[in-house]
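Work the whole structure out from these sequences, hints included.
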Amino acid sequence: MAEVAWELGVVVAPCTILRWVVGYAEVFAKRWLLFQQPVGRSWRADETYVKVRGGWMFLYRAVDERGGAVESYLSRTRDLAAAKAALSH
0 MAEVAWELGV
10 VVAPCTILRW
20 VVGYAEVFAK
30 RWLLFQQPVG
40 RSWRADETYV
50 KVRGGWMFLY
60 RAVDERGGAV
70 ESYLSRTRDL
80 AAAKAALSH
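Position 12 of the sequence shown, counting from 1, maps to 11 under numbering that gives the first Met the number 0, and the rest follow consecutively.
Hints in this document: simulated from the structure, not taken from any laboratory.
These numbers were taken from a predicted model, which means no experiment stands behind them.
Every residue, glycine too, gets a C-beta built ideally from N, C-alpha and C.
A couple of the hints might just be wrong.
[To be verified] Label pairs and their computed distance ranges (CB to CB):
| # | residue 1 | residue 2 | range |
| --- | --- | --- | --- |
| 1 | Val10 | Asp45 | 32 to 42 Å |
| 2 | Leu33 | Leu79 | 19 to 29 Å |
| 3 | Leu7 | Phe27 | 35 to 45 Å |
| 4 | Ala68 | Tyr23 | 32 to 42 Å |
| 5 | Ala28 | Val3 | 16 to 26 Å |
| 6 | Gly54 | Ala80 | 30 to 40 Å |
| 7 | Leu58 | Val21 | 18 to 28 Å |
| 8 | Ala44 | Arg75 | 13 to 23 Å |
| 9 | Trp5 | Arg43 | 15 to 25 Å |
| 10 | Leu79 | Arg30 | 18 to 28 Å |
| 11 | Val10 | Leu79 | 41 to 51 Å |
| 12 | Pro37 | Leu73 | 40 to 50 Å |
| 13 | Lys83 | Val11 | 14 to 24 Å |
| 14 | Leu58 | Leu33 | 22 to 32 Å |
As structure tokens, this is what we get:
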């Protein structure tokens, strides 16, 4: 995030951004509840392979009947432990 701010002409230290995250995470979570959609009656699991910061990772998602992502999980490995971790969140 500090790099993004720098590209916009704002100089900020990474530790400052961390303090913002810690300070505003609870406020953001409370406000997000106003916009959160209820999960439909049915959902399906989805898995794909995506590039993250130059490396390939597995993206597991739970998608409801309207196509909205219910949950997502990134993993470096594709095995039973990763699948279970994705569904247990």
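Evaluation of the provided hints:
1. Checked against the given bound of 32 to 42 Å, the beta carbons of valine 10 and aspartate 45, roughly 40 Å apart, stay inside it.
2. A hinted range of 19 to 29 Å for the beta carbons of leucine 33 and leucine 79 is inconsistent with their spacing of about 37 Å.
3. At roughly 20 Å, the beta-carbon separation of leucine 7 and phenylalanine 27 lies outside the given 35 to 45 Å, and the hint is violated.
4. Our hint of 32 to 42 Å for alanine 68 and tyrosine 23 is violated, since their Cβ atoms are close to 23 Å apart.
5. At roughly 22 Å, the beta-carbon separation of alanine 28 and valine 3 lies within the given 16 to 26 Å, and the hint holds.
6. Restraint check, glycine 54 to alanine 80: a C-beta distance of roughly 19 Å breaks the suggested window 30 to 40 Å.
7. For leucine 58 paired with valine 21, a C-beta distance near 27 Å keeps the hint of 18 to 28 Å intact.
8. As the Cβ distance of alanine 44 to arginine 75 is approximately 19 Å, the hint placing it in 13 to 23 Å holds.
9. Between tryptophan 5 and arginine 43 the Cβ separation comes to about 41 Å, which falls outside the hinted range of 15 to 25 Å.
10. Checked against the hint of 18 to 28 Å, the pair leucine 79 and arginine 30 fails, with Cβ atoms roughly 37 Å apart.
11. For the pair valine 10 and leucine 79, the beta carbons lie near 46 Å from each other, so the given range of 41 to 51 Å is met.
12. The hinted window of 40 to 50 Å between proline 37 and leucine 73 is violated, with their beta carbons roughly 25 Å apart.
13. Against the hinted window of 14 to 24 Å, the Cβ-Cβ separation of lysine 83 and valine 11 comes to about 39 Å, which falls outside the hint.
14. Between leucine 58 and leucine 33 the beta carbon distance is about 27 Å. The supplied range of 22 to 32 Å therefore holds.
Violation of the numbered hints given earlier is confined to hints 2, 3, 4, 6, 9, 10, 12, 13; the remaining hints are satisfied by the structure.
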